[in-house]
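With the hints as your guide, set chain B with the ligands onto chain A.
Heads up: the protein sequence lines correspond to chains A and B, in order.
Read in my numbering, the first sequence has 68 at position 68, and its numbers run on one by one without any break.
Read in my numbering, the second sequence has 1487 at position 487, and its numbers run on one by one without any break.
Treat the hints as calculated values from the structure; they're not laboratory data.
The structure presented is a predicted model; accordingly, all values stated were derived computationally and were not measured.
It is possible that part of the hints are untrue.
Non-contacting residues of chain A with respect to chain B, defined by C-beta distances greater than 12 Å in every case (computed) [stated by the list, open to error]:
1) Pro12
2) Glu104
3) Ser118
4) Gln131
5) Thr260
6) Arg263
7) Lys294
8) Glu319
9) Ala402
10) Thr407
11) Ile465
12) Ser467
13) Phe472
14) Lys499
15) Ser545
Heads up, simulated DSSO-like pairs for lysine-lysine below, C-alpha to C-alpha not over 30 Å straight-line [unchecked claim]:
16) B:Lys1429 <-> A:Lys134
17) A:Lys134 <-> B:Lys1473
18) B:Lys1196 <-> A:Lys5
19) B:Lys1482 <-> B:Lys1281
20) A:Lys48 <-> B:Lys1075
21) B:Lys1206 <-> A:Lys496
22) A:Lys134 <-> B:Lys1419
23) A:Lys531 <-> A:Lys457
24) A:Lys48 <-> B:Lys1206
25) B:Lys1196 <-> A:Lys48
Glycine included, C-beta positions come from ideal geometry on N, C-alpha and C.
As a plain string of letters, each chain reads:
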Amino acid sequence: MDLVKLTIDNTPVVVEQGTTVLEAARSVGVDIPTLCYMKLDDLEFENKPGGCRVCVVEVEGRRNLAPSCKTACDEGMVVNTHSVRAINARRTVMELILSDHPFECLVCAKSGKCDLQSLAQDLGIREIHYQGEKSHYKGDESPAIIREMDKCIMCRRCETACNDVQTVGTLSAIYRGFESVVAPAFEMDLDHTNCTFCGQCVAVCPTGALIERDYTWQVMDAIVNPKKRVIVQTAPAVRAALGEEFGLEPGTLVTGKMVTALRKIGFDHVFDTDFAADLTIMEEGTELLGRLNKFLEGDKDVKLPMLTSCCPAWVNFFEHHFPEMKDIPSTAKSPQQMFGAIAKTYFANQLKVKREDLVVVSVMPCLAKKYEASREEFSANGDADVNISITTRELAQMIKNANLKFTDLPNDDFDRPMGESSGAGVIFGTTGGVIEAAVRTAYELHTDKELARVDFKELRGFEGIRSATIDFDGLPINIGIAHGLGNARTLLNDIKEGKSEFHAIEIMACPGGCIGGGGQPYHHGDVTVLKRRQKAIYQEDAGKSIRKSHENPYIQKLYTEFLGEPCGEKSHELLHTHYFDKKKKIEI
Amino acid sequence: MVKYKKQIRIALRNCGFINPENVDEYIVREGYAALGNALTNMTPEEVIDVIKNSGLRGRGGGGFPTGLKWELTRKVDADQKYVVCNADEGDPGAFMDRSILEGDPHTVLEAMAINGYCTGASKGLIYIRAEYPLAIKRLKIAIDQAREYGLLGEDIFGTNFSFDVELRYGAGAFVCGEETALIHSMEGLRGEPTVKPPFPSESGYKGMPTNVNNVETYANIPVILLKGADWFSSIGTEKSKGTKVFALAGKVNNVGLIEVPMGTTLREVIFDIGGGIKDGKKFKAVQTGGPSGGCLTENHLDISIDYDNLIASGSMMGSGGMIVMDEDDCMVSMAKFYLDFTVEESCGKCSPCRIGNKRLYEMLDTITQGKGTLEDLSKLRNLANVVKDTSLCGLGQTSPNPVLSTMDNFLDEYMAHVKDGKCPSGQCKALMSYIINADACVGCTLCARVCPVDAISGEKKMAHLIDDDACIKCGACMDKCKFGAIFIQ
Ligand SMILES: Cc1cc2nc3c(=O)[nH]c(=O)nc-3n(C[C@H](O)[C@H](O)[C@H](O)COP(=O)(O)O)c2cc1C
Ligand code: SF4
Ligand code: SF4
Ligand code: SF4
Ligand code: FES
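Just chain A, same shape as in the assembly (with noise of 0.2 Å):
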């Protein structure tokens, strides 16, 4: 690699031919301030547009300001990040941007994490000279995702994400100039288009614009509803995210001060989706069994490979663009659905109460849960078998508005019976993690044998697509892992060309799987928080001392109690679902 040599603000540095100004300044502490990049290593998102013009340094020679996330370094350049050019012309631009956003920060969902609001004041903007008509668009309320676009500052990150990253593409700019909008194409609700409901379009818009529908009080309703039993059930990548929002370093796992809280806000039992992941497993591995079987017997119409279907935006997604793969995926239910149908039949019982008033809440790192919890299929007479499904951040502030002081709370453990997991229901939360899981079972099941090591590092990481053989005691089980819905996009097209060698695929629809979910609190643009997350879902693992999904006591007790074996009748009918063709929607 070629290097070049320049300085920023009097500094020398020397980089790489084509290292941007931006990264050249942050490599000697010179924090030059943006609004509009957004830059995931490893993650493939990159937000670059140029376009919110905060960033602008002065170069010398050049005759006007140069955006320095989109300027790469010339030999000699001589670079000015603070001259009174720069700063005022930033400082303007900020007003300007400012001039046309609601101050509605108050009582905005966003405040205290939204980027824009802390640019204004790292620059310190204390008048906005500049005042005028402000724009307005239509909102857009879905049971996921609400668009509240007069505070959208054209940073084009969603449209990134959806687009690029997940090339979902249901988000485009349109209109022009003072009008112009990131939006669905004719301004279509959400609700109405090919969206998936992954939440990466929330999880990285800096301002108020894309937000998550808020149930909390939906909750307290139910919970001081005296006719009503409240349980909950939280996922596994919660436990490795909320801690965030409550001061804690990314990566502290916070299950026991958790469960804590949960109980102190008043649900009459906290538990586990891990445990209901345990279940997914028995059922999806015993799914993927049966195929491999019917394979090796020579079946030429078995589908494989078996894709996951565990992720519900991963579910939409191939229900609006290949719908013609419907018959592919597994059809066992998500570990929130599994654990929503037990609850409301088996737990129901236990319990001598009604499903009616048995009330299911589930706390999610996601957006595409609260859609999937709203599916019709998923509900008997009208009473949707998980009632309310909220994400972690809304968790953060229910228990805030409980007055909790979350990281003094003592630790506690989740009640019996569907609160047990074992250490493979805990890595659903990360990629890589549910076929590890399904590994370590099915293993065990095909072979009779124990496993001698459970740890499955080859299936771990952070590529977008990764891939490992496994040896089945002589049978070579070819795996294929991607996330982010553009990876599973590749590995979809070449399944459907006949290309792919793979008898399993793991899916999960947001980067870095569960624990990057639209619904966990904000990275910011700092990758190294995911990959902390991922760590503290490993860990918990590790520390479990039941490792496998069917040595999950609870697991055993309820298929001889209630379900009988695995894929069997009473399985099908609770815990597998069927797919639907949804291209047609997309056509107006």
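The following block gives chain B with the ligands in isolation, referenced to the frame of chain A:
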């Protein structure tokens, strides 16, 4: 076209002299001879050298040296390259490119083929606005005839050079004339610019090296090759060679297309070719460079027109719009008029242009309403400078020019609006007062009866009075008064 001495026809040489729907008439006037000679007797490098030595610079506005651009595109290694002709011509009132395409379509095709030979491209694309149906029709006929004659297609002139041209239609967004936006529009994406570099010559249409030139730039190419670089470079100024076509408009006696050698003075254009100001009024200013050019004054009349002089005086060449204003024109309103255009045409991608131009417009509007303050003037100047300094593409980088140049040259008019609440040219309605001369008024009550907002009071046969606050400055009273008793102040 206005015909006067001091004009030289190079780009417009055939317009009006040939039947544009008949390739033979073009050929008779040495059409396709430059292409034939280039293909059979010259290497691409030799052709590029001629263009470089001629000193030709891009006529689309930027003034980039054309030969250098061709060379840059040539030097990039790629399997497929493209030649693009920018025929978007979005400036209001401009029709130079349309006239060339309607009057001499083959010259553009010939030049594009020469460009293809030089850069190594086999595909040409003309991006033309859909509102130019006649130009499109003639281009289609020309392409068909050229194919029929083997002047486009496979193995042109029996050489192994192949080149063909297709049309692409623009929906009329001004910013789609910006070359990166134009390319995105052709790719079916949103027509918005991207930061350069990379320039189209490295990564353009479908990510391939793409040479974008303007219609008028192309129209110069065949002649340069026929008559030589020396001939061309003998016309014009030191750094701007050849001629430029302008669309002369506004308050001059002769309006229309003109083609003059670089170096002609504004005075010659306006007073000799344009025949001076209409109705014997006084010249006030001339706006060059289209909606984002600057307003030049009396003091600039003797500068010779070329790329660098215009920029040095706070305006620009642009694509060749030239609008003349007289003493009745209000310069604040003028700036507001142009900002109105840019606010409409901004693509919205970058914040200074998207919001800044809107705010500039709003401030100018406040000033023309008589509600501006001195502080507004300094804010206006700061904002105009920042928008220029920080915008992503040429649109936002130049849109404040009308504000800045009128502030530089006509600050007294701005001051009159904000300090005295007066519009010196009497153009800003909000600042006018309709007044009844009590001595001339006979009290006929006619004015009071026509006033749509009942702003006029007075007894019959007594002098009437207009309530200035209620008056909406429609002028109905003045039109009706038979005694000439109502005047404007
Ligand atoms: C806002 C904007 C509009 C433009 N419109 C046109 C146009 O209508 N026609 C044109 O030839 N060039 C236009 N340009 C200039 C082009 O970007 C480009 O520089 C030109 O086509 C290059 O050709 P040339 O080198 O032959 O001038 C425009 C530039 C900007 C910034
Ligand atoms: S939720 Fe996902 S699919 Fe839907 S608009 Fe946002 S990024 Fe696109
Ligand atoms: S909605 Fe949010 S992420 Fe999308 S462009 Fe607007 S501010 Fe940016
Ligand atoms: S300067 Fe204006 S037209 Fe150009 S990119 Fe910015 S918003 Fe779009
Ligand atoms: S951060 Fe560089 S233009 Fe927005």
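> Which of the stated hints cannot be reconciled with the structure, identified by number in ascending sequence?
Replying inline: Number 4 - this is the single hint that the structure violates.
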